[in-house]
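The residues making up each chain are set out below.
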Amino acid sequence: MQPFGVVNRFGWGARGDAPPQEVSRDWLAGQIQGPDAARFIGVGDTADGLIALRTQRKEKMKGDPLVKPILHAEIATQLDNLLLTEQPFRERLVWFWFNHFTISLRQGNTHGVIGAYMREAIRPHVTGCFADMLLAVMRHPAMLMYLDNAGSIGPDSPAGRKSHRGLNENLARECLELHTLSPAGGYSQADVTSFAAILTGWSIDMQADRPGFVFHARAHEPGRKTLMGQVFPEGEEGGVEALHFLGAHPATYRHIATQLVGHFISDTPAPRDVARIAAVLQESDGNLGAASLALVDLPDAGRPGGKFRAPMDYATAVMRALSMGGPPSGPEDSHAPAHILLGAFAGLGQPLWTAPLPNGWSDRAADWSAPADLLARTDWAWRIAAHVRSGDPLDVAHAALGPALRRQTVLAMRQAGSRQDALALLFSSPEFQRR
Amino acid sequence: MMIRRRSALLGLAASWTLGRSSLALAGSGGGPDDPRFVAIVLRGALDGLAAVTPYGDPDIAAHRSGLLLPQPGQEGGLLDLGGFYGLHPALAGLHALYGAGQMLPIHAVAGHYRSRSHFEAQDYLECGADQRMDSGWLNRAVAALPGRGRRPDGYGLALGLSVPLLLRGSAPVGTFAPAGSQHPDPALYSRIAALNASDPVTGPAFRDGLKARGFSDSVMDAAAPAPGSGHRPEPFSALCAAAGRMLTAPDGPRVAALEIGGWDTHEAQVGRLKGPLGQLDRGVQALRGALGADWNRTVVLAMTEFGRTVRMNGTGGTDHGTATVAFLMGGAVAGGRVGGTWPGLRQDQLFENRDLAPTTDLRAVAAGVLHDHLGVARGALARIFPGPQVQPIHGLVRVA
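Chains as they are written, first to last, in the numbering used here: chain A, 1 to 435; chain B, 1 to 400.
It is possible that part of the hints are untrue.
[As the list claims (entries may be wrong)] Derived DSS-like pairs (lysine-lysine); straight-line CA-CA distance at most 30 Å:
1) B:274 with A:68
2) A:62 with B:274
3) B:274 with A:58
4) B:274 with A:60
[Claimed, not checked] Short derived list, chain A residues pointing at chain B, Cβ under 8 Å:
5) 148
6) 151
7) 152
8) 155
9) 167
10) 173
11) 357
12) 359
13) 369
14) 370
15) 371
16) 429
For the record, the hints were derived by calculation from the structure and aren't laboratory data.
Glycine included, each C-beta is placed from N, C-alpha and C at the ideal position.
My request is simple: use the sequences and hints to build the entire structure.
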């Protein structure tokens, strides 16, 4: 196995100030098998976010005065963690699964809960059972808001009859298409409609002491429903059973295996690799820790440069290579490392938590390697390199790339007229664009 | 392979990226009298029945009374398009173009596919084929343009950011994004380009990016607003204006693609549609303004991946459907009428009991414009739209 290929492939880029790390399967396995070491400061839970939203609405406050600080605190602590983490494999899995179950700030008014969603619904399950993550996601207020299920009402339910309101199929459709079966699973429009009916009543109680998920029986479509040939009972239980059915469906395993191999190994996943990961999921009842480790064991896992860095990957890798980050970023401090990283994500085309559509951001080279994309990277890296006042750029290069560093890049850096130019060359080299 | 890419566009400077819009240009510079073509992809599925409402159809009220605007002539009402259809009032600029014979909505169009997945449908819309391909129909059309390559490098131009699938392919296509304030000096750029020269992905990207920046900076600087004027146009309008300036430059591109989102109105549609429709309307006006006299040589095609359900859903919105409306705009358009064949809204006339039935293939519209306006040879259309033969619709543009 090619060691440095792996640290960058499965993580977020080597830190310049970390002690030389023996990159081994054991090191990667340890991140998955051990406890999650991430600690987040200055943030609450989903109920806190919903209370802020409720109070803003009740008091007709303008400008999100209560929700904004929650979002800023989440950004500061989560991006600090990304810069500093010593469990980069686990951390990449967290962001991978968040992207799989995307929530975007573009829709659904989720600013106050998006960070909590990631910490509560995604993070605890990245090495656990896929069906558990699916259930946690689908019950989370952020997802119910983002994909409009909170207001979906069974037309024949008491609430539906009274208000003449009805189904909204958005969450049901995206869950089948993106989160679970994928179109290859062969569901029909009737399945979408039926699944939407199953999920009626899955909503949010905004009035509770601690607002959160609620099953509104009065809004739930009565009767048994059929999804993919299976019959599910009326009530909340029907939805739970349907999600367990979907979460353990062979088509779902094939779909998420394809996504995993595409993210970690190659833009064009080899059928052999997909079949291997799908088989591990099948044998382990959807254990994501086992599937993640099986990725490391794929034959091409250590081949360097197999994946092009998306803007988030790139900006984070630059800042980690420059050993940026340290004391917690103040949520309102525009010079704090988390804010610099936030600005880079936006400037390079992948603003944090704002994927355009529910399928999340692409992780394919073709989507991020347009001329304007690369020039933006170079310009940003050159500006940030201006702040590096000490150290030998070649040390940064060796720490960041190890054996993947090309001789040609070293020569160009040696001939550079300034530390800033040498780092700009490093960060513009073809090998730094990849993980 | 279902979830291939989403053209996430972006790549614009930070303040532009949140605007749900983006721009890419292509096409070789020819002469100043060349026809211009602009494609606008409305990502997220525009409700054609809300944009161009058949208020004269006796069945529409039964399906969606909660979504209908007042009839023409009433306050906040539709803008009349000849007695049966009415245009959404947020499209007042388009209505003026209609009055001038320069706007042609075509109703009940759909792609050749029947998918209610945004992602599949956008891919098929942009490929113009029955299967997902790695190139878009507009790129293949650029490759087939007569006289392409008269310039030494045959290089289209580049404005924009990530290239949408519509414009990806073998014909050179550039991208443009407003440049940041500080840059490395040209010598460092050239060393960076050399460092990447042998790389199949980053090599061409740096080379073309630097070339494009050299061109676009000179054009864009000349048109930059006076410092301190304080007014910042909205992103989509700014991109439309940039596209217009590039398209009108003597050695500029002749084909552009833009995209704008915000159409996926599952909830509270009446309120939510006003924003994106208004942006589209102002963007087309900005494009027209920047094109100046070249507007008369221009056709703009605005299209979306599919329509939305005829019936209102349970949350004041609409779900994914089938047929919808497409717009042709420009001085070269034979407009002032509504095109297409109205399928009716009686229950037995709906597609799968829920959607507006498709009566016109969007590819036939595009093929008609490519042939009659851009001069793409009939024989090339089969390569541009592979699969079952597409019959171009004639009479969409004024042929000089």
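> Under the criterion of a CB-CB separation shorter than 8 Å, is residue 155 of chain A in contact with chain B as hinted?
Replying inline: 7 Å, holds
> Would the stated hint for residue 371 of chain A survive a check requiring a Cβ distance to chain B of less than 8 Å?
Replying inline: 3 Å, holds
> Does the alpha-carbon distance linking residue 274 of chain B and residue 60 of chain A stay inside the 30 Å limit?
Replying inline: Holds, because 23 Å separates the two Cα atoms, which is no more than 30 Å.
> Given residue 167 of chain A was flagged as interface, is its beta-carbon under 8 Å from a beta-carbon of chain B?
Replying inline: 5 Å, holds
> Measuring from the C-beta of residue 151 of chain A to each C-beta in chain B, is the shortest one below 8 Å?
Replying inline: 5 Å, holds
> Within 30 Å, alpha carbon to alpha carbon, are residue 62 of chain A and residue 274 of chain B?
Replying inline: 21 Å, holds
> Is the shortest C-beta separation between residue 148 of chain A and chain B less than 8 Å?
Replying inline: Holds. Min distance 5 Å.
> At a threshold of 8 Å, is the proposed contact between residue 359 of chain A and chain B supported by beta-carbon distances?
Replying inline: 6 Å, holds
> Once the shortest beta carbon distance from residue 173 of chain A to chain B is found, is it less than 8 Å?
Replying inline: 7 Å, holds
> Should the interface hint for residue 357 of chain A be scored as holding, given a Cβ-Cβ cut-off of 8 Å against chain B?
Replying inline: 5 Å, holds
>> Holds or violated: the hint that residue 369 of chain A contacts chain B, with Cβ atoms closer than 8 Å.
In response: 5 Å, holds
>> Is the interface hint satisfied for residue 152 of chain A? The criterion is a beta-carbon contact with chain B at less than 8 Å.
In response: 6 Å, holds
No hint from the list above goes unmet by this structure.
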